[in-house]
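Q: Chain A is already provided as a structure; the job is to place chain B with the ligand on it using the hints.
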Amino acid sequence: MSYYLDFEKPLEELETKIEELRKLSDGTEIDIASEIKRLEKKAKDLRSEIFSSLTPWQKTLIARHPERPYTLDYIGIIAEDFIELHGDRRFADDPAIVGGVGKINGIPMVIIGHQKGRGTKERIYRNFGQPNPEGYRKALRLMKLAERFKMPVVTFIDTPGAYPGIGAEERGQGEAIATSLMEMSRLKTPIISIVIGEGGSGGALALSVADRLYMLEHSVYSVISPEGCAAILWRKNGELGTEDFSRAADSLKLTAEDLKSFKIIDDIIPEPLGGANREPETTAKKIVEYIFKALEPLQSKSASKLIEERYKKIRKIGSLTQTTQ
Amino acid sequence: MAWFKKTREVKTEKRVKIPEGLWVKCDNCKEIIYKKEIEKNLQVCPKCNYHFRISAAERINFIADEDSFMETAAELSTTDPLNFEDTMPYSERLKENKKRTGISEAAIYGDATINERPVVLAIMDFSFMGGSMGSAVGEKITCAAERALEDKTPLIIVSSSGGARMQEGMFSLMQMAKASSAIAKLKEAGILYIAVLADPTFGGVTASFAMLGDIIIAEPKSLIGFAGPRVIEQTIKQQLPENFQRAEFLLDHGMIDIVVERKELKNTVYKLIQHFMPLSQES
Ligand SMILES: [Zn+2]
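For the protein sequence lines, the chains are A and B, in the order given. Take the first sequence: its position 32, counting from 1, is numbered 32 in this note's numbering, and each next residue is one higher. Take the second sequence: its position 69, counting from 1, is numbered 1069 in this note's numbering, and each next residue is one higher.
The set of hints was computed from the structure by calculation and includes no laboratory data. All the pointers check out, no bait thrown in.
Okay, derived cross-link-like pairs now, BS3-like style, lysine-lysine, Cα gap no bigger than 25 Å in a straight line:
no., chain 1, residue 1, chain 2, residue 2
1, B, Lys1187, A, Lys312
2, A, Lys316, B, Lys1152
3, A, Lys312, A, Lys188
4, B, Lys1185, A, Lys316
5, A, Lys263, A, Lys312
6, B, Lys1025, B, Lys1036
Isolated chain A (complex conformation):
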């Protein structure tokens, strides 16, 4: 009972058939067993075919896949003795951002991430992963805690964006994000950020000013959603559809591959065939591998060297030229 995206539909047919055959057979009929084998091979080939040529819009849909592992799913797999910590000590606890302490491979770390919900009730509770200012203030409080106790910080990025609401504005959404950016740039402890799903604009950036920034293979990171971009550019022409969103997603260059080529991210974490939702455990293991690959050189650096290098890394991003008018 998996959820299939539109472009995965041919796969769904095949896999339903395999499932039916399995139910029919008790494992003794050789004919059926070999037919299952044949179909499985076919499904695998089809899957690698589909996944080897994903468009940016299809990647966007995978990044938002309802069965894609979320922050707490990964924490559940990789962190030992994790204890979630709540609240910004100012106003509220924001369920759209979770954070806490736990050990990864025996090393205590502060782990923070955007949290989406599964099922209508939890999705509403998590505000669809769209934080309010309190979320960012909680995240920063936990990062400061990590700094004081010399623990590395790992952040998972997965949000459509910061919440556009009246309360959010009244309580300083802009200020909360800005302060997060500023404080993260000077945090005297290593920060590793991983985009696991949707990197939605400022609300995503607010947790990703890091020494190392990685993206899962099928995640996306963008200044604006393809829908938002299409609405600004082509709304005048009437109703918008998949074609417009595809065009916008192409233009925005939001895939891990694009952003690695721009040197905006450090590396791409490969996903299992068919995406992280197919094998959360395998994906989580890969994530841990990259966390430690990043951490090793960072941990030996002095705090001042660490933040100076972080500054330089962010400082050089830009696409500039001198013009003569």
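A: Okay, now just chain B with the ligand, sitting in the frame of chain A:
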């Protein structure tokens, strides 16, 4: 009946204003006002005190000493890293904006003096692609902060922007982190940064350097926020409260220090500098 009569009167008034370009309609109170009168009043409506959006060049004259502004990196511009094309190629759009505004990007920065106190001054210009921040604007703001740090001079940034510039994708978004990182260094060094928010200030500019001022000043009635009012309305499907996201609303909610009228801006900034970074007796 009375109401009807009134609108008719306005209409005749409109018909009376003969010479084109001598009169302007105030965006806020909708009154028709003699253009010279507004100019004399620092581009502020004499009827309702609405502060008109002004170009960076005009702004310099209202905040810095006459002829004191020396622009740095005037020719700094952005490339088109995404090869972005909407209704026209981004590179064309840039050219068109440069030609129309006479500036190379949506922000300028340089050295200036305010009542003879040296400052680093950066000013955004909303008329250049809605004041949006791409690589060049991010670079200029960052350079301005770095220059202030080097010279131990106060930094003043006047913002007016719709936010991050879509056409440069993630390059634009990362400018928020870049500029905020530079401001962080200023804070550690104890150099005063005064953020002036002009109408409108939104998105990635609000969520980075604009809200990071040691002191945050806004012009009266300016619209300031993270999310645009239309986006909020569509999301919550509710009407927005009166005065929502106006400077006075932010003041009420504790998000800014002061609302200052344009004619008082220069002196207020000067006094703040003198308080926070007094010149030592000897110098
Ligand atoms: Zn007026």
